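These are the residues of each chain, in order.
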Amino acid sequence: MFAMGNIMHADTVLVQRAQANDRAAFNEIVLRYKSKVYNYIFRMVHSALDAEDLTQETFLRAYLSIRSFQSRASLNTWLFRIATNLCIDYSRKNKKVQAMTTSLSIEGDDENDEVQRDIPDVAFDPQRLLLNKELGTLLNKALSELPEKLRTVVLLYDIEGLPYDEISAVVGCPLGTVKSRLFNARTSLREKLAPYLNSPG
Amino acid sequence: MASQFQTDDKACRSLEPLLSGYTDNLLSAREVWEVEKHLALCADCSRLAQEMQATVRMLHSAERYDTADGFMAKLHARLDMAEPEPARGAALRSAVQDWLGSLRTSLRSWHAPALTIGLAAAALILFVRITPPAVSVVPPGPSVERAVDLSRQVAFTASNPFDDPVAAKAEVDSSVGTANDGHSDPSGVPTTF
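Chains as they are written, first to last, in our numbering: chain A, 1 to 201; chain B, 1 to 193.
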């Protein structure tokens, strides 16, 4: 808790300095958040190149409007909100292309089929098996097949570790909607991954 | 009190939405107790709970991705070409200042005298149009003064136990006429008390 308090305080100081045209302070903000933002965007758009561009765009927009940022909101929430809006725009523009790619990868991707056959059906510890890249691929595939609204919430909660109230601010939905989307997302993932999750007894 | 969760389909369906919160340890003590009581009796729900927990563990341990080398250099190149927008308040202030500046400049130019004369004429017209008409204060009319006097007379008469105040009041009302407020009938007897 103390550490979190320090981080928040440092964020506020960095924002104030960045608002006063301190590029070094803004640089510090980017270094602090770029991995989180990129990881989130990459899992939303499934393209390293586009994720890189959108992450750049997120920080460019943050830089341009940093003076309008009000410190009563969390910097984390603000950056994820910018990133989420960019992902939504990206998704709208690429909807047709994305749908085609998904259907092709589901129907004809031999590599994915092979991955599924290779998953051992014996007892396993998921954490240990995550070291196995193939299980990671399965998880990514299951995540990418989630509807965008569910994927946003599960990524922000389970992967980026944002609390419910911050997610509610990022996606602009009531807390109850966030909780129900999280439950639906997890249920969907569980159903898809169930064959690989069963432990013996 | 009957348990919220029984070992039937309905009970299983009631439990399912709680499994997410149960996995995150976000349920109340009572809910945890109810969930665990059901899980101890229901093998299907117990399996679902284990799968949900395993799914969440997978998500928590998922591989993380990071930006490529050169991300910062590329970003700085874009930031160099960009200029941060001023804050909203500052933008408004700046716009007002710009407008005042341009107005000042235009007033200093060759058509300033014409503008001044025009503005003065407009101000004069407005002054003439807006000036309110003289309002005459009407002093209290004689009927009002008379009513006050007669009320005093009625009060005086009423204080005399040998006089009839009702008769006196009727006499006053009939003589005032205009002081009748609608609560009296023509005989002078108040219709309301």
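Keep in mind the hints are simulated off the structure, nothing from the lab.
Just to be clear, a hint being listed does not mean it is correct.
What the hints assert, rightly or not - Mimicking BS3-like on lysine-lysine, the simulated pairs with C-alpha atoms at most 25 Å apart in a straight line are:
{"#": "1", "chain 1": "A", "residue 1": "Lys179", "chain 2": "A", "residue 2": "Lys141"}
{"#": "2", "chain 1": "A", "residue 1": "Lys36", "chain 2": "A", "residue 2": "Lys133"}
{"#": "3", "chain 1": "A", "residue 1": "Lys192", "chain 2": "A", "residue 2": "Lys34"}
{"#": "4", "chain 1": "A", "residue 1": "Lys133", "chain 2": "A", "residue 2": "Lys34"}
{"#": "5", "chain 1": "B", "residue 1": "Lys10", "chain 2": "A", "residue 2": "Lys34"}
{"#": "6", "chain 1": "A", "residue 1": "Lys36", "chain 2": "B", "residue 2": "Lys10"}
{"#": "7", "chain 1": "A", "residue 1": "Lys179", "chain 2": "B", "residue 2": "Lys10"}
{"#": "8", "chain 1": "B", "residue 1": "Lys37", "chain 2": "A", "residue 2": "Lys179"}
{"#": "9", "chain 1": "A", "residue 1": "Lys133", "chain 2": "A", "residue 2": "Lys179"}
{"#": "10", "chain 1": "B", "residue 1": "Lys10", "chain 2": "A", "residue 2": "Lys192"}
Claimed, not checked - Beta-carbon label-pair distances, calculated as ranges:
{"#": "11", "chain 1": "B", "residue 1": "Gln97", "chain 2": "A", "residue 2": "Asp53", "range": "30 to 40 Å"}
{"#": "12", "chain 1": "B", "residue 1": "Ala114", "chain 2": "A", "residue 2": "Ala73", "range": "47 to 57 Å"}
{"#": "13", "chain 1": "B", "residue 1": "Gln97", "chain 2": "A", "residue 2": "Ala48", "range": "44 to 54 Å"}
Model, not experiment: these values are computed from the prediction.
Cβ atoms here follow ideal geometry from the backbone N, Cα and C, with glycine treated the same way.
Against the structure, the hints come out as follows:
1. A:Lys179 / A:Lys141: 23 Å, holds
2. A:Lys36 / A:Lys133: Holds, at roughly 21 Å.
3. A:Lys192 / A:Lys34: 30 Å, violated
4. A:Lys133 / A:Lys34: The hint holds at about 24 Å.
5. B:Lys10 / A:Lys34: 46 Å, violated
6. A:Lys36 / B:Lys10: Violated: A:Lys36 and B:Lys10 sit about 41 Å apart, past 25 Å.
7. A:Lys179 / B:Lys10: 22 Å, holds
8. B:Lys37 / A:Lys179: Between B:Lys37 and A:Lys179 the Cα gap is close to 24 Å, so the pair holds against 25 Å.
9. A:Lys133 / A:Lys179: Violated, because 30 Å separates the two Cα atoms, which is more than 25 Å.
10. B:Lys10 / A:Lys192: 24 Å, holds
11. B:Gln97 / A:Asp53: 30 to 40 Å: Holds - the Cβ-Cβ distance for B:Gln97 and A:Asp53, about 37 Å, lies within 30 to 40 Å.
12. B:Ala114 / A:Ala73: 47 to 57 Å: 52 Å, holds
13. B:Gln97 / A:Ala48: 44 to 54 Å: With Cβ atoms ~46 Å apart, the hint holds.
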